[in-house]
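> Here's the letter readout for the chains.
Number of protein chains: 2
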Amino acid sequence: MRGFLIIGNEAVTEPFNLSDLPGAGRMDVLCRCVSQALFLSHSMRRDVEVYLLLLGKPNPPKVIKISSNELRRMSPDERNIGGHIRKAVGFKISKDWVETNSGIFVAKKNIEELLDELSSSYTICYLREDGESIRNEIYSIKNPLFIVGDHIGVKKQEEDIILYYAVKILSVSKLSLMAEQCITIAHYELDKHYHENFISI
Amino acid sequence: MRGFLIIGNEAVTEPFNLSDLPGAGRMDVLCRCVSQALFLSHSMRRDVEVYLLLLGKPNPPKVIKISSNELRRMSPDERNIGGHIRKAVGFKISKDWVETNSGIFVAKKNIEELLDELSSSYTICYLREDGESIRNEIYSIKNPLFIVGDHIGVKKQEEDIILYYAVKILSVSKLSLMAEQCITIAHYELDKHYHENFISI
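Just so you know, the protein sequences line up as chains A and B, in that order. Per my numbering, numbering through the first sequence is continuous, rising by one, with the last residue being 201. Per my numbering, numbering through the second sequence is continuous, rising by one, with the last residue being 201.
Heads up, some of the hints might be wrong.
Which copy is meant is left open, so a pair is good if it fits within one copy or across any two.
[To be verified] In the SDA-like style, the derived pairs of lysine to any residue whose C-alpha atoms are separated by at most 20 Å in a straight line are:
1. K155 to H42
2. K174 to N197
3. K174 to H42
4. K192 to D130
5. K192 to N136
6. K155 to N143
7. K155 to S102
8. K192 to V48
9. K174 to L190
10. K87 to E70
11. K108 to F16
Hints were generated in silico from the structure; no laboratory data involved. Just so we're clear, the structure is a prediction, and the values are computed from it rather than from any experiment.
All chains, please: the whole structure from these sequences, using the hints.
The structure is reproduced here in structure tokens:
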């Protein structure tokens, strides 16, 4: 399994205009993250989960979970993914996951509740520029969940909780990359490691 | 300098609906390629050129050139980039580059004319799944221009010309990745090489 958690600091928690994804608290960033995490050319990766933590107005926090193995009818363009997210944020929600579409779920959870749930099945890895090089550490990580901030990064309030759960702090580049680029590179380094070592993913 | 040429096999050569980028010959793929080639978090790479070869209806071929050093008012979301492309394909064009916006140019060139022009300043590298690993070859490439196909790949007609000009055939992954993922990884391997060797980019 591979997981990705993206922190949407201002991502709105109500239905939004699909023709203005940046105006919906930079929902475009989250859409690109979903696309890069799930899709290969003409196919979808298996055993990938994406979690979007939406912290924007008017009803934060909300978490959207997308599970590649059950997902249907999603394409990799921002508008299509935005449509799925818009549908999910319109649901009446509780602490328990509610399925809004095949493979897409939404719940009212804060980051602590979410990481408490995920840390039982994933090795929590926080992607931060000053971390250890992902290339040097990749061999030691089983079932990673990578946490990445959006254009704003990760605020102290969330970071303190992330650091409590994180087993590793990893860096993908000396440059400050966009969130979706970090995801692509994390996949790439994992793919390369597993292929070179003939390990099944 | 780093260059990227993306082959848009069906990308339309007339203004299109920004709310249906996939329907415009998968213009969404080209928009994501531009985004991943040019943008870092909160900034733009310097010395990057992106070339989009549009081969779709009704007036192929058209080439759009985007030069990061002069580019203004572009943001990394698909719709914004699509707007710039839509404007460019609406221009009356000739064999010579016409500037349609600061840093964006359009011309009527086929792939042979384009590669003939670019091969004087770039090392032409063709990204194909069966190529040599980019990681092993990156040290030897100065001023690379990476050629990548869209969702359809590269057809024989264009590939024959590419192979004439290509100095290297490189692979970024054993998996069949989306075009924009190949671009992100090419940047990543180049960044890593240059940073580790203290070479200015």
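> Each hint needs a verdict: does it hold in this structure or not?
We went through each hint and held it up to the structure:
1. K155 to H42: between (36 Å within a copy, 17 Å between copies)
2. K174 to N197: Intra 26 Å, inter 13 Å, cutoff 20 Å: inter-copy only.
3. K174 to H42: between (31 Å within a copy, 15 Å between copies)
4. K192 to D130: between (23 Å within a copy, 15 Å between copies)
5. K192 to N136: both (12 Å within a copy, 13 Å between copies)
6. K155 to N143: Close neither inside one copy (25 Å) nor across copies (38 Å); limit 20 Å.
7. K155 to S102: The answer is neither: 32 Å in one copy and 35 Å across copies each exceed 20 Å.
8. K192 to V48: For K192 and V48, only the intra-copy Cα distance (17 Å) is at most 20 Å; the inter-copy one is 26 Å.
9. K174 to L190: Both, since 19 Å and 12 Å are each at most 20 Å.
10. K87 to E70: Within one copy only: 17 Å inside, 39 Å across.
11. K108 to F16: within (18 Å within a copy, 39 Å between copies)
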